[in-house]
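Single-letter residue listing:
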Amino acid sequence: MNQKSAKRNIDFFILYVFSFLLLWEWLRPVEQLTGTSSISSFLGFVFGSLLLAFLGFPLAPTAVLKLIYILFTIQSIYYGNAGTSIDLFLNDLSQNAGSILKGQWAEMSDSFRTLLFFALLWITTYLIHYWLIARKNILFFFLATLIFITVLDAFSPYEAEEAIIRSVLTGFSLMGILTFRRLADSENIQKRSRIKRKWMFSLAVMIAGSAAIAYAAPKADPVWPNPVPFMNSLSGSGNTAPDETEQSGFRSDDSSLGGPFLPSNTVAFTAEVEEPHYWKVDTRDVYTGKGWISSRQNEQPLNFGRNVPSSLFSFTEKVPSEERTSIVYNEEDHAHIQYPHGLQRIVATSSYRYQLNQVTNKITALNGSEQEAPASYSVQYEHPSFQAEDLQASSPEEADRSFRAIANTYTQLPENVPPEIRELALDITRGHKTWFDKAKAIETYFSSSGFTYEQVDVPVPSEDEDYVAQFLFDTKRGYCDNFSTSMAVLLRTLDIPTRWVKGYTEGTYLETTEAENRIYQVTSENAHSWVEVYFPNIGWVPFEPTQGFTNEEVPELEGITETSAEEETVETPAETPEQPVLEEPEQKKEINDASQEAPQLNAGLFLKTNWQNIVVILTAAFIIAALGYRSRRKWLPFYYIFIYKRDRQDHHFPKAYLVLLTQLERCGLKRKAGQTLREYAKEIDLLFSSSSMTRLTSWYEQYLYRGSLPEGAWENARNEWESLMKKTR
Amino acid sequence: MTNRIHPGIKKILHNIEKVIAGKQEVAKLSLVALLADGHLLLEDVPGVGKTMMVRALSKSISAELRRIQFTPDLLPSDVMGVSIYNPRDMDFQFYPGPIMGNIILADEINRTSPKTQSALLEGMEENSITVDGVTYNLEKPFFVMATQNPIEYEGTYPLPEAQLDRFLLKMKMGYPTLDEEIDVLQRAQKVSPIDNLHPVISLQELRQLQLDIKEVYVDESMRRYIVELSSHTRSHENVFLGVSPRGSIAMMKASQALAFIHERDYVLPDDIQYLAPFVFAHRIILRPEARFERVQIEDVIEQVISRVSVPIQKHVAKYE
Chain A
1 MNQKSAKRNI DFFILYVFSF LLLWEWLRPV EQLTGTSSIS SFLGFVFGSL LLAFLGFPLA
61 PTAVLKLIYI LFTIQSIYYG NAGTSIDLFL NDLSQNAGSI LKGQWAEMSD SFRTLLFFAL
121 LWITTYLIHY WLIARKNILF FFLATLIFIT VLDAFSPYEA EEAIIRSVLT GFSLMGILTF
181 RRLADSENIQ KRSRIKRKWM FSLAVMIAGS AAIAYAAPKA DPVWPNPVPF MNSLSGSGNT
241 APDETEQSGF RSDDSSLGGP FLPSNTVAFT AEVEEPHYWK VDTRDVYTGK GWISSRQNEQ
301 PLNFGRNVPS SLFSFTEKVP SEERTSIVYN EEDHAHIQYP HGLQRIVATS SYRYQLNQVT
361 NKITALNGSE QEAPASYSVQ YEHPSFQAED LQASSPEEAD RSFRAIANTY TQLPENVPPE
421 IRELALDITR GHKTWFDKAK AIETYFSSSG FTYEQVDVPV PSEDEDYVAQ FLFDTKRGYC
481 DNFSTSMAVL LRTLDIPTRW VKGYTEGTYL ETTEAENRIY QVTSENAHSW VEVYFPNIGW
541 VPFEPTQGFT NEEVPELEGI TETSAEEETV ETPAETPEQP VLEEPEQKKE INDASQEAPQ
601 LNAGLFLKTN WQNIVVILTA AFIIAALGYR SRRKWLPFYY IFIYKRDRQD HHFPKAYLVL
661 LTQLERCGLK RKAGQTLREY AKEIDLLFSS SSMTRLTSWY EQYLYRGSLP EGAWENARNE
721 WESLMKKTR
Chain B
1 MTNRIHPGIK KILHNIEKVI AGKQEVAKLS LVALLADGHL LLEDVPGVGK TMMVRALSKS
61 ISAELRRIQF TPDLLPSDVM GVSIYNPRDM DFQFYPGPIM GNIILADEIN RTSPKTQSAL
121 LEGMEENSIT VDGVTYNLEK PFFVMATQNP IEYEGTYPLP EAQLDRFLLK MKMGYPTLDE
181 EIDVLQRAQK VSPIDNLHPV ISLQELRQLQ LDIKEVYVDE SMRRYIVELS SHTRSHENVF
241 LGVSPRGSIA MMKASQALAF IHERDYVLPD DIQYLAPFVF AHRIILRPEA RFERVQIEDV
301 IEQVISRVSV PIQKHVAKYE
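Residue numbers (the UniProt record's numbering), protein chains in the order written: chain A, 1 to 729; chain B, 1 to 320.
Because the hints were derived from the structure by calculation, they are not lab data.
Don't take each hint at face value.
Below, in silico cross-link-like pairs of lysine to any residue (SDA-like), each with a Cα-Cα straight-line distance of 20 Å or less [stated by the list, open to error]:
id, chain 1, residue 1, chain 2, residue 2
1, A, K634, A, L658
2, B, K314, A, Q663
3, A, K655, B, K314
4, A, K672, B, S306
5, B, K172, B, R111
6, A, K670, B, S306
7, A, K672, B, Q313
8, A, K672, B, K314
9, B, K28, B, E263
10, A, K672, B, D299
11, B, K314, A, D650
12, B, K314, A, P654
13, A, K672, B, S309
14, B, K11, B, E263
15, B, K314, A, G674
16, B, K214, A, G707
17, B, K314, A, G707
18, B, K314, A, R671
19, A, K476, A, L262
20, B, K314, A, R706
21, A, K655, B, Q313
22, A, K682, B, S306
23, A, K727, A, L658
24, A, K682, B, S309
25, B, K10, B, I213
26, B, K314, A, H652
27, A, K670, B, S309
28, A, K672, B, Y274
29, A, K727, A, R666
30, A, K136, A, N9
31, B, K314, A, S698
32, A, K682, B, Y274
33, A, K670, B, Q313
34, B, K18, B, G8
35, A, K682, B, R4
36, A, K318, A, L343
37, B, K115, B, P158
38, B, K214, A, R706
39, B, K314, A, L709
40, B, K314, A, L658
Based on the sequences and whatever the hints tell you, model everything.
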C-alpha cells in the first residue's frame, strides 16, 4: 500500500473527521467549566492542524502556518487591534519563562497560558496523526477521552450524557476502521474495496445497533451515591452543604429509598449509658410510595432551654418508667441532638438553646445563633416498660384527646399503594384482635417468610413500583429501611397510626466505667430506622421489625397470661429475630396447606412456573456444548494425552495413533482416501518440520500390515505422539 | 520410496548401474519381475538400452542368456526347438530352441507373427513346452524379458491383449536424461563395460530368493486392498476390460517382491500403489470412446487408486 496515494483517500478523511470530533469533546467542557471564551479559535487550530496533516503538508510550512495562527490568535485576544506588538509579546514571554523557572505558577499571564494550551493542542494533533497513520490504533486516546469525560461528569457540573454518547460513537467507528486497516495490511489484501464495503457496512450496523440498544435500554441507578460529598467529607473540606453532612450515616433525604446501604466507619458519637438504648434523631409521617417525607415542612420550630417541651410526646404517665441519664460525647460536627425515647431534659453548657421541630421531632442545638451541637451533653429520660396487658387493653374506642389528630396524620397512605399490601396485612393479622397483637404479628412476620437482611444488593424500585411492595413481594431482601417502612405501611393499611423513626442503635460496647456505666461507640454504621406505633392512652411504642436487631424498649408478648391468648401459645420471636425458624402458627398452617396441594400439581406447576428458567438453562447448556464441540481441537489433545500417557502398554499405541489421525483431520489436515499412511506422514512432517509422524507411522504400519508391533513401541512413541498432539492445537 | 535395499539385490543393481547410466527404477522393476517369477515387457523405441539392460542382469546372476530376435518370418520352432530325424538313431531327436534357457531376451516381440508370439507366451505361462507331443519342462529360473516397439511403428503385430496378461510387468524404458546420455557416450568410447561384468549372485541363490519372497507377509487388509483396486478397474467408467484375477495375483506377487527388495517382510499399500501402473496398465483395455478422447490408462489407474481408500484400521470393513 502506497503511503502517498493513501494520504488523500476517503478513508483517511473519515478518520480525520472522527478524530476531530473526538478531540472536540475535550474542548467542550473546557468552554463550559473554565469560562474560556475563544474556544472557537482553539477549535479552528485543531481543525487546521488535522487538515494539514490529512493533506500531507510538509513539516516546515505546517509549523510556520501554525505559529502564525497562534500568534495572531493571541494578538487578537489579548492585545486587541492595537497593532502588532511583538515586543510586548516577547517581553511577556520572557517574564513568564522566568516565573516558570522560579516555580511561581500563579504568576503566569493569561496570554502565556493560551500559548501553552496551543502547544498542548499541537502535540495532541500530532499524536493523533501518529496514532492514525503509523500505529493505526486509537484505543489509548479513545479511552483517555472517555475517562476525561466521565470524570468531569462525576466531579464537575459538566453534564456529559450526550458527550459520552457522541464520543463512544466516534471512538468505536475510529477503532473499527483502523482495525480494518491493520488487518488489511497484515493480510496483504490488495483488492479491498469489496471487503471494505462489507466491513464498513457491518461496522456501521453494529455501532448504530449497539448504541441504539444501549441508549434505549434501562440503566441501573448508580451503585453508590454521588461520591463527591463523601470525598469532600473525607478530606475535611465539606463545608459547602451542611445539610448533606449533618446526618452522616443516614440520608437526610428519605424521599426515595432503596439502593445499597454503604455506611462509612466514621464515629458519630460516644455514649455513656446506664442501660443501652436506641437513639432517635428524626421521625417521618408521610409515606410517598418511594420513601418518607415530612408534612408541614415550614412548621415553626419550638425553642426551649433545658426541659423538653411536652409536644415531644413519647408516652403517658400510665406507663411505668424509670428515670435514667445518658451522656453523649459528640465526635462529629452536626447540629442535631440524638436522644432516647422518653426524653425529658437536655443538660449541656448553659449557652446552648434548642429547637424542636414538632413534625419530625428533630431537636437542633443552637449556640447563640449558630447551629451547633454541644461537644458533650447528658440526656435525662424516662425508660418505659410497656406492659403487654395495657397495650392489649388499649383500643381506639377509648381515644384520648390527641388521638384524633394523630390518627389522621399517621395513617395516611398514598392513593396508589398496591392493594396487595393491605391483603397481606389482613392475612398476617388474621385472628388477632388488638392493635398490639396485630403489630407483634407483623413485626415477627419479617423474621421469617423468606426475608433476608442485605445491605448492598438492594435494588431501587423502578418508576412505577412501590418501595414496600417491591420488598414484600419481589426482592424480600433489604436492610432496616425496607423492614421498618414495610411494617409501617402494613400497619397503616390496617388504620393503626404508625410513624417511621430514624436514629442509631445502641452502638458497639467499649467498656464499663467505675460508676457502673457502660460506654458505647456509635458509628454511622449504626444508623438505623424502626417504627413507633401509637396506642391510645399509652403513647408511642417502638417496634423493631428488622432482622438481627433488638430494641430493649420494644414490649414483649411474654408477660401475657394463657387466658388472654385465644390461639396457641406464642413464643417470643421478637427477642431473637436472628432465628427465623420461629414462626407464627398461622404461617405454619399455610405452609402445610400449600405442601398438601403440591404433589398433584408438582410437575406441571414446576414446568409452568419455571419454563423460562428451563429454557435459559437449556439454551446455556446447548451453547456451552456447542462451544465445547467447536473448540474441541483445542482441548481434546489434552484429554487424550491424559488418557493415553499414563499407561505404557503397547496396545494403546494403535488407538493413540488413530486419535492423532482424527485430531490432524480436525486441524484440516485430512488424509485423502487413496493416500497411504506413509505419504501422509511425510506431508505432516513437512508441515511440522519434524520426523515424528514418519516414525510413528512406521510403527503403526508394522502393527497394521505386518500384524505385530515391535516390543515397547508405545514406550518409544509416547513422547513423539504427545508433542505432535500438542502441535495440532 | 526412500528405503533400504536388500544387500544381495543391491549388488545386482550396482552391477547394472555400471552398464546402464541411470534407470535404477527400471532395473529394480526388472528384478521385481525376476524375483516374483514373472516376466517383463519393455516397451520403447530401439536404442535406449533395453538389450544392454537384460544382458547386464543375466550376467550379474550368472544365468544363461538366450536371445531371440523376432522377425516377421520367425517360426514357432525357431523359438521352441525342433525334432529332427536322426538317421543313425533311427529316431527323431529334439533340438531345443532358445526358449530352453534361464533368461530369454525376446527382442521386438511384436514384429513376429502371432503364431510365433503365442508359442513363446504359452511357454511363459505353463513353464513347459510341448513339441511333437512331448512335453519339456523349462529351466528354473525362467525369465522372459520381451521388448517391443511402440505400436505406432509400421510392420508390427500388436500382442493380443489377452496375451499381454502373461507378463507380470510392463514398463517403458524411457530416454536417458541429458547427463545420463553424456555418461553413456563416455562409457561407450572404449570397451563396453558389459564385458567386464562379473556375476554377483548364483542361480542357486536366486532360486532361494524367489522362495523367500513367497514368505513375505501379505495382510488380509492388503489382499483386500489389491482386490478392491482390481475390481475398481473393472467398474471404471472408461474401462472396457478391467484387471483379471490373474492380474490381482500378479499384483500380490509383485508387491511381495518389491517389499522384499526393500528388506521388508510385509507388504505396504505403498508397494501396491507404486506397482499399480506397471502391473495393471497392460491388463486394462479402455473403451473406444475413451480412447478417442485420449484418456490415458495411467490416469485411469491413478483415479482408481485415489478412489479406493487405503485400509488404516484393523478389523473394520471400511469398504463401500
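Taking the hints in turn, this is what the structure says about them:
1. Pair hint A:K634 plus A:L658 holds up; C-alpha atoms about 17 Å apart against a cutoff of 20 Å.
2. Our distance criterion of 20 Å between C-alpha atoms is met by B:K314 and A:Q663, whose separation comes to about 19 Å.
3. Under the criterion of a C-alpha separation no larger than 20 Å, the hint pairing A:K655 with B:K314 is consistent with the structure, at around 11 Å.
4. Distance restraint check for A:K672 and B:S306: the Cα-Cα separation of roughly 8 Å lies within the 20 Å cut-off, and the hinted pair is therefore satisfied.
5. Note on B:K172 and B:R111: the hinted pairing holds, with a Cα-Cα distance of about 18 Å set against a maximum of 20 Å.
6. Restraint check: the Cα-Cα separation between A:K670 and B:S306 comes to about 14 Å, which is no more than 20 Å; the hinted pair holds.
7. Proposed proximity of A:K672 and B:Q313 is supported: the alpha carbons are some 15 Å apart, at most 20 Å.
8. As the CA atoms of A:K672 and B:K314 are separated by approximately 18 Å, the hinted pair is consistent with the 20 Å bound.
9. Restraint check: the Cα-Cα separation between B:K28 and B:E263 comes to about 13 Å, which is no more than 20 Å; the hinted pair holds.
10. A hinted pair counts as satisfied when its Cα atoms are at most 20 Å apart, and A:K672 with B:D299 qualifies at roughly 17 Å.
11. The hinted pair formed by B:K314 and A:D650 meets the criterion: a straight-line CA distance of about 15 Å does not exceed 20 Å.
12. Taken as a hint, the B:K314 and A:P654 pair is honoured in the structure, with Cα atoms around 9 Å apart against an allowance of 20 Å.
13. Note on A:K672 and B:S309: the hinted pairing holds, with a Cα-Cα distance of about 8 Å set against a maximum of 20 Å.
14. For the hint pairing B:K11 with B:E263, the CA-to-CA distance comes to about 14 Å; that is within 20 Å, so the pair holds.
15. Our distance criterion of 20 Å between C-alpha atoms is met by B:K314 and A:G674, whose separation comes to about 17 Å.
16. Distance hint between B:K214 and A:G707 is fulfilled; the C-alpha atoms sit about 17 Å from each other, no more than 20 Å.
17. About 9 Å separates the Cα atoms of B:K314 and A:G707, which keeps this hinted pair within 20 Å; it holds.
18. For the hint linking B:K314 to A:R671, the alpha-carbon distance of about 17 Å falls within 20 Å, and the restraint holds.
19. For the proposed pair A:K476 and A:L262, the alpha carbon gap of about 19 Å is at most 20 Å, so the pair holds.
20. Between the alpha carbons of B:K314 and A:R706 the distance comes to roughly 11 Å, so the proposed pair stays at or under 20 Å and holds.
21. Between A:K655 and B:Q313 the alpha-carbon distance is near 10 Å, which keeps this suggested pair within the 20 Å criterion.
22. Straight-line distance between C-alpha atoms of A:K682 and B:S306 comes to about 17 Å, which keeps the hinted pair within the 20 Å bound.
23. Annotation: proposed proximity of A:K727 to A:L658 holds, straight-line Cα distance about 16 Å (limit 20 Å).
24. Of the supplied pair hints, the one linking A:K682 and B:S309 holds, its CA atoms being roughly 18 Å apart against a limit of 20 Å.
25. Under the criterion of a C-alpha separation no larger than 20 Å, the hint pairing B:K10 with B:I213 is consistent with the structure, at around 16 Å.
26. This hinted pair checks out: B:K314 and A:H652 have alpha carbons roughly 14 Å apart, not beyond 20 Å.
27. Pair hint A:K670 plus B:S309 holds up; C-alpha atoms about 13 Å apart against a cutoff of 20 Å.
28. A distance of roughly 16 Å separates the Cα atoms of A:K672 and B:Y274; the hinted pair therefore holds under the 20 Å criterion.
29. The suggested pairing of A:K727 with A:R666 holds, with an alpha-carbon distance near 13 Å, which does not exceed 20 Å.
30. Restraint check for A:K136 and A:N9: the C-alpha separation of about 16 Å stays at or below 20 Å, so the hint holds.
31. Annotation: proposed proximity of B:K314 to A:S698 holds, straight-line Cα distance about 16 Å (limit 20 Å).
32. For the hint pairing A:K682 with B:Y274, the CA-to-CA distance comes to about 16 Å; that is within 20 Å, so the pair holds.
33. Pair hint A:K670 plus B:Q313 holds up; C-alpha atoms about 16 Å apart against a cutoff of 20 Å.
34. A hinted pair counts as satisfied when its Cα atoms are at most 20 Å apart, and B:K18 with B:G8 qualifies at roughly 16 Å.
35. Taken as a hint, the A:K682 and B:R4 pair is honoured in the structure, with Cα atoms around 17 Å apart against an allowance of 20 Å.
36. Restraint check for A:K318 and A:L343: the C-alpha separation of about 16 Å stays at or below 20 Å, so the hint holds.
37. Restraint check: the Cα-Cα separation between B:K115 and B:P158 comes to about 12 Å, which is no more than 20 Å; the hinted pair holds.
38. Only pairs whose Cα atoms come within 20 Å are accepted, and B:K214 paired with A:R706 is accepted, the gap being roughly 15 Å.
39. Restraint check for B:K314 and A:L709: the C-alpha separation of about 13 Å stays at or below 20 Å, so the hint holds.
40. A distance of roughly 11 Å separates the Cα atoms of B:K314 and A:L658; the hinted pair therefore holds under the 20 Å criterion.
When held up to the earlier numbered hints, the structure conflicts with none and fits them all.
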